[in-house]
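Novice: Chain residues, written in single-letter form:
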Amino acid sequence: MELLGLYYYWVFAVLLMIGFYAVIAKPNLIKKLIGLSIFQAAVFLLYITMGKVEGGTAPIFQDGVTVYSNPLPQVLILTAIVVGISTTALGLGIVVRIKEEYGSIEEHDIQKRDRR
Amino acid sequence: MAIDIISWILLSLGGAFVFIGGLGALRMPNLYTRMHAASLTDTMAAVLIIGGIMLQAGATLVTIKLAAILLFLLITSPTASNALASAAILSGLHPEEGKIDAREQRE
Amino acid sequence: MIILFGVFLLTLLVITALAIVQTESLFAAVILTGIFSLLMAANFFLLDAADVALTEAAIGAGISTVLFLGALALTGERERGKSTNRLIALGVVTVTTLIVIYATFDKPRHGDAEAPVHQHVGPWYLEKTPELIDIPNSVTAVLGSFRGYDTLGEVFVVFTAGIGVLFLLSARSAARPESANPSAEPGQGLRHYLVPRVVGRLLIPFVFLFGLYVQFHGDYGPGGGFQAGAIIAAAVILYALLEGEGQALRALPMDVLKWLVAGGALLYGAVGVAGMLLGGNFLDYNVLASDPIAGQHIGIILIELGVGITVTGVLLCVFHAFAARGKL
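Chains as they are written, first to last, in my numbering: chain A, 467 to 582; chain B, 14 to 120; chain C, 1147 to 1474.
I should point out that these hints are in silico values taken from the structure, not numbers from a laboratory.
Quick caveat, the model's predicted, so the values are computed rather than measured.
Please note that the accuracy of each hint is not assured.
[To be verified] Listed below are the simulated DSS-like cross-link pairs for lysine-lysine, each with C-alpha atoms no more than 25 Å apart in a straight line:
#1 A:K578 - A:K498
#2 A:K578 - A:K565
#3 C:K1228 - A:K498
#4 A:K565 - A:K498
#5 A:K565 - C:K1228
#6 A:K578 - C:K1228
[To be verified] The following residues of chain A were derived to be distant from chain C, with all beta-carbon distances above 12 Å:
#7 K492
#8 D580
#9 R581
Beta carbons: idealized from backbone N, C-alpha and C, even for Gly.
Excised from the complex, chain A in its bound form (with noise of 0.2 Å):
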């Protein structure tokens, strides 16, 4: 049984190793973007996962119900959740922009027209 509980943190490192490697060595940059919002839904994962009360019940009081799972990881999640389809909406725009003024979003080229 706690192997299986384990299991959910090596998903998170899998998970975030994967959003990691496509930030790293994929050369298109929508690519990245895609790859940070893996990265930072693994850390979501990761922060619910540690949330999670055995026995416990979403954190919503109701009649019968004793133990409740930990509300505060929950918020921060929420928060979190947010601020990162904003910082991707700003990536996205900032993509299409290099698109329009280098004419390319592929790192090689974006590269060579800088070095000219």
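Keeping the supplied structure of chain A fixed, place chains B and C upon it in accordance with the hints.
Specialist: Just chains B and C, lined up with the frame of chain A:
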């Protein structure tokens, strides 16, 4: 007990339809036949699964909410399939026409 | 038993993430990201985080996909370059994964009630919410009242992103002609698609209604300003997709949207200043009414309204900034 058994049957049948729909979406040759297989998941499997859950929920407010969700799914999923197929036809992907192999074999 | 379901969903998450990184077609990658967000929302729900699941589904699977597709329509659709230092990147990634997995063996058991994270502030919030704020949803209580400053900062982050995108995408590139293709009328919408238009027009009022329900029901169940803002923005975006962007701008003009963007943040700040003017501290809701608990209720409803208004305005401004840019 009877309600439990009936909802078991409904949920298992719904799961089977999801599996068949997914298998069809993988194995079919082109877009239109794949959508035809996937539409099985939208309608039949959704009705069976949500029906099974409604039986488990009993006669509470949750059942009415589930019925509303089912209505929403039944309205929007076929619309999405229609939009997908229209987009495919307007982009130039034509459904394949040709002879059936059995007819060729009989000649 | 339910942990097997969780394991299944987690495995699907990893497979989807691998597919996203592998695929060369950016369109497929964006749609797969939508599926990834929906699977993540299901996982959050299994981990008892109902509010977070609703937010991830509404914002991650809904709005994020629309924004990515809007940007994709303005840039290319396929990934063309080959990554150069793949082996080094793979090496770094593998080593870091192994290090993090080694570190997870020290973590407390999953769900342990004696873990350090459940010791100090979490139980205090759960204990004090019925006594000081008296609303059933403790996540909204913590978000709106106990941690109100964080939420104020978040509203300003959303506001900043909105005006940032408006600044970036209102500058016209000098090399591009003003109207690249005068014959194609921009923003015609789905004029040739009858079934989606009829069904969409039927559904938009209900989506609005649901958005309002989620906004004002945030005290009693999962919900609140962020989710409601995303849902109402999705309704207007659906209208813009069906009837054309010009029609949507006639329904909700850009000036109204800019008022919405600023108005929500102003409302939040005004509630805080009202607290100061009535004798308490900034963002002290106890003084907003004669009874402290009623004051808390009023304060939370008003700030959630401010949050919802700003999120709606910003998401719609960003959508229109992308949609008005050219080929859409």
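Novice: Each hint: holds or not?
Specialist: Hint check:
1. A:K578 - A:K498: holds, 19 Å
2. A:K578 - A:K565: This hinted pair holds, its Cα atoms lying about 14 Å apart.
3. C:K1228 - A:K498: holds, 14 Å
4. A:K565 - A:K498: holds, 15 Å
5. A:K565 - C:K1228: Distance of about 18 Å is within 25 Å: holds.
6. A:K578 - C:K1228: Measuring from Cα to Cα gives roughly 15 Å; hence the hint holds.
7. K492: violated, 6 Å
8. D580: holds, 15 Å
9. R581: Non-interface label on R581 of chain A holds, nearest chain C Cβ at 15 Å vs cutoff 12 Å.
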